[in-house]
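With chain A's structure known, arrange chains B, C and D on it following the hints.
There are 4 protein chains.
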Amino acid sequence: MLSPAVIQEEGRRSEGTQRLEAMSDAVIAIAITLLVLEIHVPEEKGNEALARALAEQWPSYFGFALSFLTIGVVWANHHHMFQDIARVDHLLVVLNLLLMMTVSFIPFSTAVLAGHLEAEDGRLVATVLYGGNFLVTALVLNVLWHYASWNRRLIAPDVSDRHIHGRSVRYVAGPLFYGLTLPLALVSPLASLTVYVVVAAIYLIPVGD
Amino acid sequence: MLSPAVIQEEGRRSEGTQRLEAMSDAVIAIAITLLVLEIHVPEEKGNEALARALAEQWPSYFGFALSFLTIGVVWANHHHMFQDIARVDHLLVVLNLLLMMTVSFIPFSTAVLAGHLEAEDGRLVATVLYGGNFLVTALVLNVLWHYASWNRRLIAPDVSDRHIHGRSVRYVAGPLFYGLTLPLALVSPLASLTVYVVVAAIYLIPVGD
Amino acid sequence: MLSPAVIQEEGRRSEGTQRLEAMSDAVIAIAITLLVLEIHVPEEKGNEALARALAEQWPSYFGFALSFLTIGVVWANHHHMFQDIARVDHLLVVLNLLLMMTVSFIPFSTAVLAGHLEAEDGRLVATVLYGGNFLVTALVLNVLWHYASWNRRLIAPDVSDRHIHGRSVRYVAGPLFYGLTLPLALVSPLASLTVYVVVAAIYLIPVGD
Amino acid sequence: MLSPAVIQEEGRRSEGTQRLEAMSDAVIAIAITLLVLEIHVPEEKGNEALARALAEQWPSYFGFALSFLTIGVVWANHHHMFQDIARVDHLLVVLNLLLMMTVSFIPFSTAVLAGHLEAEDGRLVATVLYGGNFLVTALVLNVLWHYASWNRRLIAPDVSDRHIHGRSVRYVAGPLFYGLTLPLALVSPLASLTVYVVVAAIYLIPVGD
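Chain order of the listed sequences is A, B, C and D. For the first sequence, this note's numbering gives the first residue as 938, with consecutive numbering after it. For the second sequence, this note's numbering gives the first residue as 938, with consecutive numbering after it. For the third sequence, this note's numbering gives the first residue as 938, with consecutive numbering after it. For the fourth sequence, this note's numbering gives the first residue as 938, with consecutive numbering after it.
Read the hints as simulated data drawn from the structure, not as lab findings. A few of these clues could be false.
You can't tell identical chains apart in this list, so a pair holds if it fits in one copy or across any two.
What the hints assert, rightly or not - Here are the simulated EDC-like cross-link-like pairs (lysine to aspartate or glutamate), alpha carbons at most 16 Å apart as the crow flies:
| no. | residue 1 | residue 2 |
| --- | --- | --- |
| 1 | K982 | E1057 |
| 2 | K982 | D1098 |
| 3 | K982 | E1055 |
| 4 | K982 | D1058 |
Bound-form chain A, shown alone (with noise of 0.2 Å):
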């Protein structure tokens, strides 16, 4: 039986969804705001020179334009997740932060790639390592999805067996496309990249949520 005093504290607890919503909004739209301060800025003088320094540094805009998609998918990932979390616990709060932290390292291992994409050696492993940031950020997603929605644990009563399963499903994509494509840098980080490209268009395109 709960007493006013506690159904009063249930309530201002329960704003914690929205404030854990909050902070990783703001942890994921400075990561992705970060991502620019990478661009190396060409001191080069003159138009022509300056114009080719610019171009010459294509695999800082690639890396810019591609990390900025693949953290905006996170973001409504997350943002769609939360829409069916109803409740927060301690350790929903722990496997939040961990996928916060992935998601902030992305704007570090985009600058190694963009360093290293256009000579062939170095390519190798700085692939290896942005792959690696998606997958592993794709990982703790499933897995804080998976520990919110077992048994529906912090699940809202409104939300469909069925919904959530197809959620289930549809987030295991990420790591599944993320831990396939690792082994293919192996062969060539170009065709991996390429791959990573696709997934975030694939997320991207309009098939509604």
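Chains B, C and D only, in chain A's frame:
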């Protein structure tokens, strides 16, 4: 027919606009505040040398101020737009993500402009990059608005068609201005920069929304 | 006479204050947190050398702390001000944007100050830049408040005239202090910096709002 | 006796807790995400050289992860604390500002630690700085909580005395741990760092709040 559960789900989903706006605000706020990091801190010792070094990097202050105001205008427009938009769908999220990408690129093109504004040689390329960034931003903003307002797709029911039309007409001014000044930059970069200042000023002058 | 549709639109519009405050909070929070990036990470090896290098950059810690507290005071004032302001119009948005511009410039002038505080030569210019940044910030804050409170233009109906007057008087203290210490910097930069510390301390001492 | 106007003003004022929390969340989110900027992007060309360079900067990843988790723990504690705190007064704002200052300093001391963890000489000073930053953060957190909970000054009426007492006891563990490990760093920096990992892990293990 909607069951209560579905209605509740819709209720939860409808906060989508709010979280999208919050996310956009965060990215815009970060991009606008990161601008200052691109201003070089002079290490010259001695009052005279320091004062000269500070004065000589006026292009950095110019770029900081112009980009700050322009991003501020984007924020205001984004804000007004979402007062009319009541619902969010997948493609709107994607278009908004693209808009955020172009906005968060501005600190980079501002830094390139600031580094090449003084010397006559190099100014052209830097101005085209800078103006191009603004042009693409204005274009994506227009695409987003037209997508949302086409056949009142995502518009709140209480917004009048006349209001929508007025907004559409006003928003077209952005890409028009930036599109026309881009070739102008080929003739005179300074003239086109003057237009950017005027465009920002026009939006900032209090003529209501 | 207002139709229900218009009332609803007004209802949506009235959240303007909230989004303006959220935006300002974000910019202020980012500016205050970026301060730490301006502190140089010493690379000296060896415990003694490292300890000495860390100790020698005390001006960076001083600048960090003083700017952090001063921006904190701006935040508190901004926050209090918007408890009285009930509505937002276009010019208020523009003035607030200018305020955010002066605040987000502080990490730069803090870095310049920290880099020139130790050597006697150069300290003068750095202090004038730093104090000038504070002075302009305080001035814009006053202009914003006077614009909003003039003839109760944007003030909530329940705020008393006496309360408005009290706030106006208190806020004038800011530009007065910073204005008077700017010439003082020409005589003794350290003396004027001491005043900045005192000003921040006065606002921080718990005498209520 | 309160007039309706005063009640409404109080109503508006009471959102103070919310804006203070939002501000704190923003600062913490930015500090936690800035950590990645302190990781150096290696420019070594060649797969082998790059892999070695990436592996050799393990102290940076260690510092990133440890500081990320520790700031995450501070965030969680701050969040829980403000579920009990119902009102904000001036000194609480000031104490919270000091807490934010110590948190936003962590990226700096993390960078110093990461740069001096490997070489035996220098590790001592870096660890003391790092641990000192954690110690001060934990102390300010305790001062803030004791200020707010003293005689239930700012505590919500429905929070039990036993609950307050429990929180007070738990929070004391932070400064105790960090205080005891600081002298330990003088003997063995690595041993004290191990304790930091353990402290973060203890807070992260799901034992509920």
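Results for each hint:
When the C-alpha separation of K982 and E1057 is checked against a cutoff of 16 Å, the pair qualifies only between copies, where the shortest distance is 9 Å, while the shortest distance within a copy is 28 Å. In this assembly of identical chains, K982 and D1098 lie within 16 Å of each other by CA distance neither inside one copy nor across copies; the values are 62 Å within and 51 Å between. Taking CA atoms no more than 16 Å apart as the test, K982 paired with E1055 passes between copies only; the shortest distance there is 10 Å, against 23 Å inside one copy. When the C-alpha separation of K982 and D1058 is checked against a cutoff of 16 Å, the pair qualifies only between copies, where the shortest distance is 7 Å, while the shortest distance within a copy is 29 Å.
Consistency with the previously given hints fails for number 2 only.
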